[in-house]
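Trainee: When you line the sequence shown up against the numbering used here, it's residues 425 to 921, in that order.
Among the hints, erroneous ones may be present.
Said to hold, decoys possible - Cβ-Cβ distance ranges computed for the label pairs, FRET-style:
id : residue 1 : residue 2 : range
1  : 469       : 804       : 52 to 62 Å
2  : 594       : 437       : 18 to 28 Å
3  : 604       : 846       : 36 to 46 Å
4  : 821       : 750       : 21 to 31 Å
It should be emphasised that the hints constitute simulated quantities derived from the structure, not laboratory data.
These numbers come from a predicted model, not from an experiment.
No residue lacks a Cβ here, since even glycine has one placed at the ideal position from N, Cα and C.
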Amino acid sequence: MQKIYLSIKNNIGYIKEKIRSDDLKLYEFRLGDKLKTKAAIFFIDSMADKKSVAQDVLKPLKDFNGKITASGILNAVNSPAAEIFKSFTEATKKILEGDTVLFVDGINSAFCLSFLDIEKRPVTEPPTSITLRGPREGFVENINSNLSLIRRRLKTPKLEIETFTVGKLSATQVAVISVKGVTKEGLYDKVKARINAIDIDSVPDSSYVAKFFTEHKTSLFKQVGTTEKPDILVARILEGRIAVVVDGSPFVLTLPYVLAEDFQSADDYYSSSYRASMIRILRVGSVFAAIMLPAFFVASQLFHLQFLPLSFLLTIVNSIKGIPLSPSFEMFFTLMIFEILNEASIRMPKYVGMAVSIVGGLVLGETAVNAGIISAPALMIIAISGICLYTVPELVQTFSILRLLFLCVAGSVGGYGLILLSVAVLAYLVSFETYDTPLMAPFAPLITSDLSDTLYKGFMEENIYRPATFGSKNSRRMKILSPTDKSIDINGEENDD
425 MQKIYLSIKN
435 NIGYIKEKIR
445 SDDLKLYEFR
455 LGDKLKTKAA
465 IFFIDSMADK
475 KSVAQDVLKP
485 LKDFNGKITA
495 SGILNAVNSP
505 AAEIFKSFTE
515 ATKKILEGDT
525 VLFVDGINSA
535 FCLSFLDIEK
545 RPVTEPPTSI
555 TLRGPREGFV
565 ENINSNLSLI
575 RRRLKTPKLE
585 IETFTVGKLS
595 ATQVAVISVK
605 GVTKEGLYDK
615 VKARINAIDI
625 DSVPDSSYVA
635 KFFTEHKTSL
645 FKQVGTTEKP
655 DILVARILEG
665 RIAVVVDGSP
675 FVLTLPYVLA
685 EDFQSADDYY
695 SSSYRASMIR
705 ILRVGSVFAA
715 IMLPAFFVAS
725 QLFHLQFLPL
735 SFLLTIVNSI
745 KGIPLSPSFE
755 MFFTLMIFEI
765 LNEASIRMPK
775 YVGMAVSIVG
785 GLVLGETAVN
795 AGIISAPALM
805 IIAISGICLY
815 TVPELVQTFS
825 ILRLLFLCVA
835 GSVGGYGLIL
845 LSVAVLAYLV
855 SFETYDTPLM
865 APFAPLITSD
875 LSDTLYKGFM
885 EENIYRPATF
895 GSKNSRRMKI
905 LSPTDKSIDI
915 NGEENDD
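Hey, can you work out the whole structure from these sequences and the hints?
Mentor: Here it is, written out as C-alpha coordinates:
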(Lines of atoms letter the chains of each structure in order from A; the text may use other names.)
(Lines give C-alpha, C1' and ligand atoms only; values in the text may rest on other atoms or scores of the structure.)
Protein backbone atom coordinates (compact mmCIF):
# COMPACT_ATOMS: atom_id res chain seq x y z
CA MET A 425 0.00 0.00 0.00
CA GLN A 426 1.69 3.18 -1.24
CA LYS A 427 1.99 5.90 1.39
CA ILE A 428 1.30 9.53 0.51
CA TYR A 429 4.42 11.64 -0.14
CA LEU A 430 5.42 14.85 1.59
CA SER A 431 6.03 16.42 -1.81
CA ILE A 432 2.86 17.64 -3.48
CA LYS A 433 4.53 17.29 -6.88
CA ASN A 434 4.94 13.56 -6.32
CA ASN A 435 1.36 13.25 -5.05
CA ILE A 436 -0.05 14.99 -8.13
CA GLY A 437 2.03 12.80 -10.42
CA TYR A 438 0.89 9.61 -8.69
CA ILE A 439 -2.84 10.47 -8.90
CA LYS A 440 -2.53 11.49 -12.57
CA GLU A 441 -0.76 8.23 -13.33
CA LYS A 442 -3.33 6.18 -11.40
CA ILE A 443 -6.47 7.85 -12.79
CA ARG A 444 -6.11 8.58 -16.48
CA SER A 445 -9.45 10.11 -17.31
CA ASP A 446 -10.57 13.38 -18.85
CA ASP A 447 -13.23 13.95 -16.19
CA LEU A 448 -10.59 14.01 -13.42
CA LYS A 449 -10.03 17.67 -12.60
CA LEU A 450 -6.98 19.14 -10.85
CA TYR A 451 -6.86 22.61 -9.34
CA GLU A 452 -3.55 23.89 -7.93
CA PHE A 453 -3.34 26.92 -5.64
CA ARG A 454 -1.39 28.38 -2.74
CA LEU A 455 -2.56 28.89 0.82
CA GLY A 456 -1.50 30.81 3.87
CA ASP A 457 -1.08 34.50 4.61
CA LYS A 458 1.88 34.79 2.25
CA LEU A 459 0.62 32.24 -0.27
CA LYS A 460 3.81 30.19 -0.13
CA THR A 461 2.47 26.71 0.56
CA LYS A 462 1.33 24.76 -2.48
CA ALA A 463 -1.89 22.77 -2.42
CA ALA A 464 -4.00 20.86 -4.92
CA ILE A 465 -7.47 19.37 -5.07
CA PHE A 466 -8.69 16.47 -7.22
CA PHE A 467 -12.32 15.75 -8.07
CA ILE A 468 -14.46 14.08 -10.73
CA ASP A 469 -16.07 16.82 -12.79
CA SER A 470 -19.48 15.16 -13.10
CA MET A 471 -19.78 14.17 -9.43
CA ALA A 472 -18.50 17.15 -7.40
CA ASP A 473 -20.39 20.25 -6.31
CA LYS A 474 -17.91 22.79 -7.69
CA LYS A 475 -19.69 25.78 -6.16
CA SER A 476 -19.43 24.32 -2.66
CA VAL A 477 -15.78 23.39 -3.26
CA ALA A 478 -15.00 27.00 -4.19
CA GLN A 479 -16.85 28.49 -1.22
CA ASP A 480 -16.04 25.97 1.51
CA VAL A 481 -12.54 24.79 0.52
CA LEU A 482 -10.68 27.18 -1.76
CA LYS A 483 -11.76 30.47 -0.20
CA PRO A 484 -11.06 29.55 3.46
CA LEU A 485 -7.71 27.94 2.59
CA LYS A 486 -6.53 30.94 0.57
CA ASP A 487 -7.41 33.18 3.53
CA PHE A 488 -5.88 30.76 6.04
CA ASN A 489 -3.48 32.48 8.50
CA GLY A 490 -2.82 29.70 11.01
CA LYS A 491 -0.12 27.11 11.26
CA ILE A 492 -0.26 24.72 8.34
CA THR A 493 -0.87 21.35 9.99
CA ALA A 494 -3.31 18.53 9.37
CA SER A 495 -5.58 19.65 12.20
CA GLY A 496 -5.35 23.28 11.10
CA ILE A 497 -6.39 22.40 7.56
CA LEU A 498 -9.38 20.39 8.84
CA ASN A 499 -10.50 23.29 11.01
CA ALA A 500 -10.23 25.73 8.11
CA VAL A 501 -12.40 23.91 5.58
CA ASN A 502 -16.17 23.73 5.93
CA SER A 503 -16.80 20.04 5.39
CA PRO A 504 -18.88 18.13 7.95
CA ALA A 505 -17.59 14.76 6.75
CA ALA A 506 -13.85 15.45 6.38
CA GLU A 507 -11.44 12.52 6.71
CA ILE A 508 -7.67 12.06 6.65
CA PHE A 509 -5.98 9.20 4.80
CA LYS A 510 -2.36 8.11 4.73
CA SER A 511 -2.39 5.91 1.62
CA PHE A 512 -3.02 6.50 -2.07
CA THR A 513 -5.34 3.48 -2.19
CA GLU A 514 -7.88 5.16 0.09
CA ALA A 515 -7.43 8.58 -1.54
CA THR A 516 -7.94 7.16 -5.05
CA LYS A 517 -11.03 5.27 -3.94
CA LYS A 518 -12.57 8.43 -2.50
CA ILE A 519 -11.90 10.41 -5.68
CA LEU A 520 -13.61 7.73 -7.79
CA GLU A 521 -16.58 7.74 -5.40
CA GLY A 522 -17.07 11.45 -6.11
CA ASP A 523 -15.39 13.06 -3.11
CA THR A 524 -12.94 15.96 -3.31
CA VAL A 525 -9.41 15.11 -2.15
CA LEU A 526 -6.96 17.78 -0.99
CA PHE A 527 -3.15 17.50 -0.93
CA VAL A 528 -0.95 20.05 0.87
CA ASP A 529 2.79 20.35 0.33
CA GLY A 530 4.72 19.16 3.37
CA ILE A 531 1.89 17.03 4.77
CA ASN A 532 1.97 13.31 3.99
CA SER A 533 -1.80 12.94 4.25
CA ALA A 534 -4.78 13.31 1.94
CA PHE A 535 -7.86 15.22 3.08
CA CYS A 536 -11.13 13.75 1.86
CA LEU A 537 -13.89 16.37 1.66
CA SER A 538 -17.42 15.33 0.77
CA PHE A 539 -19.07 17.69 -1.71
CA LEU A 540 -21.11 15.32 -3.83
CA ASP A 541 -23.46 16.49 -6.55
CA ILE A 542 -24.76 13.25 -8.07
CA GLU A 543 -28.00 13.06 -10.03
CA LYS A 544 -30.50 10.72 -8.40
CA ARG A 545 -34.09 9.72 -8.91
CA PRO A 546 -36.62 11.18 -6.46
CA VAL A 547 -38.42 8.89 -4.04
CA THR A 548 -41.69 7.77 -5.66
CA GLU A 549 -44.13 4.89 -5.42
CA PRO A 550 -42.53 1.72 -6.84
CA PRO A 551 -44.32 0.44 -9.97
CA THR A 552 -44.07 -3.17 -8.78
CA SER A 553 -45.69 -2.55 -5.36
CA ILE A 554 -48.62 -0.19 -5.86
CA THR A 555 -50.88 0.04 -2.81
CA LEU A 556 -54.32 1.49 -2.20
CA ARG A 557 -53.50 2.46 1.39
CA GLY A 558 -50.34 2.88 3.39
CA PRO A 559 -46.97 4.51 2.60
CA ARG A 560 -46.23 5.16 -1.06
CA GLU A 561 -42.48 5.65 -0.74
CA GLY A 562 -40.20 3.28 -2.59
CA PHE A 563 -36.50 2.62 -2.68
CA VAL A 564 -34.36 4.30 -5.35
CA GLU A 565 -30.96 3.58 -6.88
CA ASN A 566 -29.01 5.72 -4.38
CA ILE A 567 -27.90 3.72 -1.34
CA ASN A 568 -27.78 6.75 0.97
CA SER A 569 -31.38 7.65 0.15
CA ASN A 570 -32.44 4.06 0.83
CA LEU A 571 -30.63 3.91 4.17
CA SER A 572 -32.26 7.18 5.22
CA LEU A 573 -35.72 5.75 4.41
CA ILE A 574 -34.96 2.79 6.69
CA ARG A 575 -33.38 4.87 9.46
CA ARG A 576 -36.37 7.21 9.48
CA ARG A 577 -38.63 4.28 10.34
CA LEU A 578 -36.32 2.73 12.93
CA LYS A 579 -34.97 5.50 15.15
CA THR A 580 -33.17 3.16 17.49
CA PRO A 581 -29.47 2.60 18.27
CA LYS A 582 -30.17 -1.13 17.91
CA LEU A 583 -30.38 -0.71 14.13
CA GLU A 584 -26.97 -1.83 12.89
CA ILE A 585 -25.67 -1.03 9.40
CA GLU A 586 -22.35 -2.34 8.10
CA THR A 587 -21.09 -1.35 4.66
CA PHE A 588 -18.94 -3.46 2.35
CA THR A 589 -17.33 -2.74 -1.02
CA VAL A 590 -18.05 -5.36 -3.70
CA GLY A 591 -16.74 -5.45 -7.25
CA LYS A 592 -13.10 -5.13 -8.25
CA LEU A 593 -13.89 -2.49 -10.88
CA SER A 594 -17.26 -1.06 -9.84
CA ALA A 595 -16.44 -0.79 -6.08
CA THR A 596 -20.17 -0.98 -5.31
CA GLN A 597 -21.32 -0.27 -1.79
CA VAL A 598 -23.34 -3.04 -0.15
CA ALA A 599 -24.97 -2.43 3.24
CA VAL A 600 -26.06 -5.23 5.58
CA ILE A 601 -28.82 -4.24 8.02
CA SER A 602 -29.92 -5.99 11.19
CA VAL A 603 -31.46 -5.17 14.56
CA LYS A 604 -29.36 -5.97 17.60
CA GLY A 605 -31.05 -8.43 19.92
CA VAL A 606 -33.64 -9.42 17.29
CA THR A 607 -31.67 -11.04 14.46
CA LYS A 608 -31.06 -14.77 14.82
CA GLU A 609 -27.62 -15.67 16.13
CA GLY A 610 -25.21 -16.78 13.43
CA LEU A 611 -27.30 -15.43 10.54
CA TYR A 612 -25.35 -12.19 10.28
CA ASP A 613 -22.02 -14.03 10.21
CA LYS A 614 -23.24 -16.27 7.35
CA VAL A 615 -24.38 -13.29 5.29
CA LYS A 616 -21.16 -11.40 5.97
CA ALA A 617 -19.04 -14.41 4.97
CA ARG A 618 -20.88 -14.74 1.64
CA ILE A 619 -20.40 -11.03 0.86
CA ASN A 620 -16.69 -11.23 1.64
CA ALA A 621 -16.44 -14.25 -0.68
CA ILE A 622 -17.84 -12.34 -3.69
CA ASP A 623 -15.15 -11.91 -6.35
CA ILE A 624 -16.63 -10.14 -9.36
CA ASP A 625 -15.68 -7.22 -11.59
CA SER A 626 -18.95 -5.30 -11.38
CA VAL A 627 -22.27 -5.35 -9.50
CA PRO A 628 -24.90 -3.63 -11.70
CA ASP A 629 -27.87 -4.72 -9.58
CA SER A 630 -28.80 -6.50 -6.36
CA SER A 631 -29.77 -9.58 -8.38
CA TYR A 632 -26.05 -10.20 -8.94
CA VAL A 633 -25.47 -10.25 -5.18
CA ALA A 634 -28.55 -12.44 -4.65
CA LYS A 635 -26.98 -15.19 -6.76
CA PHE A 636 -24.13 -15.44 -4.26
CA PHE A 637 -26.63 -15.90 -1.41
CA THR A 638 -28.35 -18.91 -2.99
CA GLU A 639 -27.48 -22.19 -1.29
CA HIS A 640 -29.06 -24.40 -3.99
CA LYS A 641 -27.67 -23.14 -7.29
CA THR A 642 -29.86 -25.26 -9.60
CA SER A 643 -33.16 -24.82 -7.78
CA LEU A 644 -36.16 -23.45 -9.65
CA PHE A 645 -37.51 -21.68 -6.57
CA LYS A 646 -36.52 -18.35 -5.07
CA GLN A 647 -34.12 -18.36 -2.15
CA VAL A 648 -33.74 -14.63 -1.50
CA GLY A 649 -36.59 -12.22 -0.78
CA THR A 650 -36.84 -8.81 -2.44
CA THR A 651 -38.84 -5.66 -1.86
CA GLU A 652 -39.00 -2.07 -3.10
CA LYS A 653 -40.95 -0.70 -0.13
CA PRO A 654 -39.30 0.55 3.09
CA ASP A 655 -42.32 -0.33 5.26
CA ILE A 656 -42.22 -3.97 4.12
CA LEU A 657 -38.46 -4.13 4.64
CA VAL A 658 -38.66 -2.74 8.18
CA ALA A 659 -41.37 -5.27 9.03
CA ARG A 660 -39.14 -8.11 7.83
CA ILE A 661 -36.12 -6.81 9.75
CA LEU A 662 -38.18 -6.68 12.93
CA GLU A 663 -39.11 -10.33 12.39
CA GLY A 664 -35.44 -11.24 12.83
CA ARG A 665 -34.28 -11.18 9.23
CA ILE A 666 -31.37 -9.40 7.57
CA ALA A 667 -31.58 -6.86 4.75
CA VAL A 668 -28.94 -6.28 2.07
CA VAL A 669 -29.00 -2.91 0.27
CA VAL A 670 -26.96 -2.60 -2.93
CA ASP A 671 -26.01 0.78 -4.37
CA GLY A 672 -27.53 1.25 -7.81
CA SER A 673 -30.55 -0.99 -7.22
CA PRO A 674 -34.02 -0.15 -5.86
CA PHE A 675 -34.60 -3.80 -4.93
CA VAL A 676 -33.46 -4.64 -1.40
CA LEU A 677 -32.69 -8.27 -0.52
CA THR A 678 -33.98 -10.01 2.62
CA LEU A 679 -32.77 -13.24 4.23
CA PRO A 680 -33.96 -15.83 5.02
CA TYR A 681 -36.81 -16.26 2.53
CA VAL A 682 -40.03 -18.23 2.96
CA LEU A 683 -42.54 -18.97 0.20
CA ALA A 684 -45.49 -17.56 2.16
CA GLU A 685 -44.14 -13.99 2.06
CA ASP A 686 -44.82 -13.64 -1.67
CA PHE A 687 -48.49 -14.43 -1.07
CA GLN A 688 -48.67 -11.42 1.25
CA SER A 689 -49.13 -7.83 0.15
CA ALA A 690 -48.60 -4.47 1.83
CA ASP A 691 -52.32 -3.77 1.44
CA ASP A 692 -53.07 -6.78 3.66
CA TYR A 693 -51.72 -4.91 6.68
CA TYR A 694 -53.67 -1.72 5.98
CA SER A 695 -57.07 -3.41 5.54
CA SER A 696 -59.29 -5.55 7.75
CA SER A 697 -58.24 -9.06 8.73
CA TYR A 698 -61.29 -10.56 7.01
CA ARG A 699 -60.56 -8.85 3.71
CA ALA A 700 -56.84 -9.70 3.86
CA SER A 701 -57.55 -13.36 4.67
CA MET A 702 -59.98 -13.67 1.77
CA ILE A 703 -57.52 -12.11 -0.69
CA ARG A 704 -54.69 -14.38 0.45
CA ILE A 705 -56.80 -17.49 -0.01
CA LEU A 706 -57.76 -16.22 -3.48
CA ARG A 707 -54.08 -15.79 -4.34
CA VAL A 708 -53.30 -19.38 -3.37
CA GLY A 709 -56.30 -20.67 -5.31
CA SER A 710 -55.35 -18.56 -8.33
CA VAL A 711 -51.81 -19.93 -8.38
CA PHE A 712 -53.13 -23.48 -8.16
CA ALA A 713 -55.51 -22.78 -11.05
CA ALA A 714 -52.78 -21.09 -13.11
CA ILE A 715 -50.50 -24.12 -12.84
CA MET A 716 -53.01 -26.98 -12.95
CA LEU A 717 -55.89 -25.78 -15.14
CA PRO A 718 -54.20 -26.19 -18.58
CA ALA A 719 -52.71 -29.54 -17.54
CA PHE A 720 -56.01 -30.82 -16.13
CA PHE A 721 -57.87 -29.75 -19.28
CA VAL A 722 -55.43 -31.63 -21.54
CA ALA A 723 -55.39 -34.73 -19.31
CA SER A 724 -59.20 -34.80 -19.26
CA GLN A 725 -59.41 -34.59 -23.05
CA LEU A 726 -56.82 -37.28 -23.69
CA PHE A 727 -57.23 -39.74 -20.82
CA HIS A 728 -60.13 -38.91 -18.51
CA LEU A 729 -63.18 -37.78 -20.45
CA GLN A 730 -65.38 -39.38 -17.78
CA PHE A 731 -64.42 -36.62 -15.33
CA LEU A 732 -66.01 -33.90 -17.47
CA PRO A 733 -69.72 -33.01 -17.14
CA LEU A 734 -71.71 -34.15 -20.16
CA SER A 735 -72.76 -30.64 -21.19
CA PHE A 736 -69.17 -29.40 -21.00
CA LEU A 737 -67.95 -32.49 -22.86
CA LEU A 738 -70.40 -31.83 -25.71
CA THR A 739 -69.20 -28.22 -25.88
CA ILE A 740 -65.59 -29.37 -26.17
CA VAL A 741 -66.42 -31.99 -28.81
CA ASN A 742 -68.24 -29.41 -30.93
CA SER A 743 -65.45 -26.85 -30.55
CA ILE A 744 -62.58 -29.16 -31.53
CA LYS A 745 -64.15 -30.31 -34.79
CA GLY A 746 -61.74 -29.45 -37.56
CA ILE A 747 -58.88 -28.49 -35.21
CA PRO A 748 -55.70 -29.94 -36.80
CA LEU A 749 -53.68 -29.93 -33.56
CA SER A 750 -53.76 -32.49 -30.78
CA PRO A 751 -55.10 -31.22 -27.41
CA SER A 752 -51.64 -31.14 -25.81
CA PHE A 753 -49.95 -29.37 -28.73
CA GLU A 754 -52.92 -27.02 -29.10
CA MET A 755 -52.57 -25.97 -25.45
CA PHE A 756 -48.79 -25.67 -25.77
CA PHE A 757 -49.12 -23.53 -28.91
CA THR A 758 -51.67 -21.23 -27.27
CA LEU A 759 -49.50 -20.92 -24.16
CA MET A 760 -46.45 -19.93 -26.23
CA ILE A 761 -48.46 -17.27 -28.07
CA PHE A 762 -49.56 -15.87 -24.72
CA GLU A 763 -45.95 -15.79 -23.44
CA ILE A 764 -44.78 -14.03 -26.61
CA LEU A 765 -47.50 -11.39 -26.29
CA ASN A 766 -46.62 -10.89 -22.64
CA GLU A 767 -42.91 -10.49 -23.39
CA ALA A 768 -43.58 -8.09 -26.27
CA SER A 769 -45.86 -5.90 -24.14
CA ILE A 770 -43.16 -5.66 -21.45
CA ARG A 771 -40.23 -4.86 -23.77
CA MET A 772 -42.02 -2.36 -25.99
CA PRO A 773 -42.51 1.30 -24.99
CA LYS A 774 -45.33 1.71 -22.50
CA TYR A 775 -47.75 3.44 -24.88
CA VAL A 776 -47.22 0.69 -27.49
CA GLY A 777 -47.00 -2.26 -25.08
CA MET A 778 -50.52 -1.74 -23.75
CA ALA A 779 -51.93 -1.79 -27.27
CA VAL A 780 -49.94 -4.93 -28.14
CA SER A 781 -51.22 -6.86 -25.12
CA ILE A 782 -54.88 -5.90 -25.61
CA VAL A 783 -55.14 -5.88 -29.41
CA GLY A 784 -52.86 -8.89 -29.77
CA GLY A 785 -54.85 -10.94 -27.29
CA LEU A 786 -58.25 -10.07 -28.74
CA VAL A 787 -57.43 -10.07 -32.44
CA LEU A 788 -55.07 -13.04 -32.51
CA GLY A 789 -57.32 -15.10 -30.25
CA GLU A 790 -60.47 -14.47 -32.23
CA THR A 791 -58.68 -14.95 -35.55
CA ALA A 792 -57.10 -18.23 -34.42
CA VAL A 793 -60.48 -19.58 -33.27
CA ASN A 794 -62.27 -18.49 -36.46
CA ALA A 795 -59.49 -19.98 -38.59
CA GLY A 796 -59.89 -23.32 -36.83
CA ILE A 797 -56.32 -23.43 -35.51
CA ILE A 798 -57.27 -23.55 -31.82
CA SER A 799 -60.53 -24.11 -29.98
CA ALA A 800 -62.40 -21.54 -27.91
CA PRO A 801 -62.21 -23.60 -24.66
CA ALA A 802 -58.41 -23.87 -24.97
CA LEU A 803 -58.13 -20.12 -25.47
CA MET A 804 -60.36 -19.49 -22.47
CA ILE A 805 -58.31 -21.87 -20.26
CA ILE A 806 -55.04 -20.14 -21.17
CA ALA A 807 -56.57 -16.69 -20.57
CA ILE A 808 -57.81 -17.70 -17.11
CA SER A 809 -54.46 -19.30 -16.31
CA GLY A 810 -52.56 -16.19 -17.39
CA ILE A 811 -54.70 -13.85 -15.29
CA CYS A 812 -54.46 -16.09 -12.24
CA LEU A 813 -50.68 -16.33 -12.57
CA TYR A 814 -50.21 -12.58 -12.08
CA THR A 815 -51.96 -12.51 -8.71
CA VAL A 816 -48.51 -13.34 -7.29
CA PRO A 817 -46.19 -11.28 -9.54
CA GLU A 818 -43.02 -12.12 -7.59
CA LEU A 819 -43.31 -15.80 -8.56
CA VAL A 820 -44.50 -15.51 -12.16
CA GLN A 821 -41.26 -16.89 -13.60
CA THR A 822 -41.22 -19.93 -11.32
CA PHE A 823 -44.90 -20.77 -11.72
CA SER A 824 -44.88 -20.28 -15.50
CA ILE A 825 -42.16 -22.94 -15.79
CA LEU A 826 -44.09 -25.24 -13.45
CA ARG A 827 -47.22 -24.74 -15.58
CA LEU A 828 -45.33 -25.83 -18.67
CA LEU A 829 -43.87 -28.84 -16.85
CA PHE A 830 -47.30 -29.98 -15.63
CA LEU A 831 -48.71 -29.51 -19.13
CA CYS A 832 -46.04 -31.77 -20.65
CA VAL A 833 -46.68 -34.49 -18.04
CA ALA A 834 -50.45 -34.25 -18.52
CA GLY A 835 -50.11 -34.70 -22.27
CA SER A 836 -47.85 -37.73 -21.79
CA VAL A 837 -49.30 -39.80 -18.95
CA GLY A 838 -52.49 -38.01 -17.91
CA GLY A 839 -53.90 -37.48 -14.44
CA TYR A 840 -51.76 -40.12 -12.75
CA GLY A 841 -48.67 -38.26 -13.89
CA LEU A 842 -50.10 -35.01 -12.53
CA ILE A 843 -50.64 -36.64 -9.13
CA LEU A 844 -47.10 -38.04 -9.03
CA LEU A 845 -45.55 -34.75 -10.15
CA SER A 846 -47.59 -32.80 -7.58
CA VAL A 847 -46.39 -35.12 -4.81
CA ALA A 848 -42.78 -34.80 -6.02
CA VAL A 849 -42.93 -30.98 -6.12
CA LEU A 850 -44.58 -30.83 -2.70
CA ALA A 851 -41.99 -33.20 -1.21
CA TYR A 852 -39.20 -31.08 -2.68
CA LEU A 853 -40.67 -27.88 -1.22
CA VAL A 854 -41.15 -29.45 2.21
CA SER A 855 -37.51 -30.58 2.34
CA PHE A 856 -36.10 -27.30 1.01
CA GLU A 857 -34.21 -25.04 3.44
CA THR A 858 -32.34 -21.74 3.10
CA TYR A 859 -30.16 -20.47 5.94
CA ASP A 860 -31.56 -23.14 8.26
CA THR A 861 -35.11 -21.91 7.58
CA PRO A 862 -37.66 -24.21 5.85
CA LEU A 863 -39.03 -22.72 2.64
CA MET A 864 -42.56 -23.92 3.46
CA ALA A 865 -42.55 -22.63 7.05
CA PRO A 866 -44.78 -22.32 9.03
CA PHE A 867 -46.70 -25.14 7.27
CA ALA A 868 -43.86 -27.64 7.06
CA PRO A 869 -42.77 -28.02 9.75
CA LEU A 870 -46.02 -26.89 11.33
CA ILE A 871 -45.48 -23.85 13.58
CA THR A 872 -48.92 -23.05 14.95
CA SER A 873 -47.86 -19.75 16.54
CA ASP A 874 -46.93 -18.36 13.10
CA LEU A 875 -50.11 -19.34 11.26
CA SER A 876 -51.83 -16.08 12.22
CA ASP A 877 -50.00 -14.23 9.43
CA THR A 878 -50.01 -16.67 6.52
CA LEU A 879 -53.20 -17.64 4.67
CA TYR A 880 -55.11 -16.24 7.61
CA LYS A 881 -54.43 -12.62 8.61
CA GLY A 882 -54.89 -12.56 12.35
CA PHE A 883 -55.90 -9.69 14.58
CA MET A 884 -53.39 -7.52 16.43
CA GLU A 885 -53.71 -9.56 19.62
CA GLU A 886 -52.62 -12.71 17.75
CA ASN A 887 -49.30 -11.20 16.63
CA ILE A 888 -47.73 -10.32 19.96
CA TYR A 889 -44.69 -12.50 19.28
CA ARG A 890 -42.26 -12.48 16.39
CA PRO A 891 -42.45 -15.44 13.99
CA ALA A 892 -40.69 -18.45 15.50
CA THR A 893 -39.74 -19.42 11.94
CA PHE A 894 -36.81 -16.99 11.95
CA GLY A 895 -35.49 -17.87 15.41
CA SER A 896 -35.33 -14.33 16.77
CA LYS A 897 -33.46 -13.94 20.06
CA ASN A 898 -36.17 -11.56 21.31
CA SER A 899 -39.52 -13.23 20.68
CA ARG A 900 -41.88 -10.54 21.99
CA ARG A 901 -42.58 -7.57 19.73
CA MET A 902 -45.49 -5.91 21.49
CA LYS A 903 -47.42 -5.91 24.73
CA ILE A 904 -51.15 -5.28 24.71
CA LEU A 905 -52.07 -3.36 27.87
CA SER A 906 -55.28 -1.98 29.25
CA PRO A 907 -56.10 1.74 28.80
CA THR A 908 -55.11 2.44 32.40
CA ASP A 909 -51.56 1.15 31.94
CA LYS A 910 -48.84 3.75 31.40
CA SER A 911 -46.40 1.93 29.15
CA ILE A 912 -46.61 -0.04 25.96
CA ASP A 913 -43.69 -2.22 24.94
CA ILE A 914 -43.28 -2.51 21.19
CA ASN A 915 -39.61 -3.44 21.16
CA GLY A 916 -39.82 -6.66 23.07
CA GLU A 917 -38.36 -5.15 26.27
CA GLU A 918 -40.02 -5.36 29.61
CA ASN A 919 -41.16 -1.95 30.85
CA ASP A 920 -42.70 -1.07 34.17
CA ASP A 921 -46.47 -1.08 34.00
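Trainee: All hints, please: hold or fail.
Mentor: Here is what the structure says about each hint:
| no. | hint | in the structure |
| --- | --- | --- |
| 1 | 469 with 804: 52 to 62 Å | holds, 60 Å |
| 2 | 594 with 437: 18 to 28 Å | holds, 26 Å |
| 3 | 604 with 846: 36 to 46 Å | holds, 43 Å |
| 4 | 821 with 750: 21 to 31 Å | holds, 27 Å |
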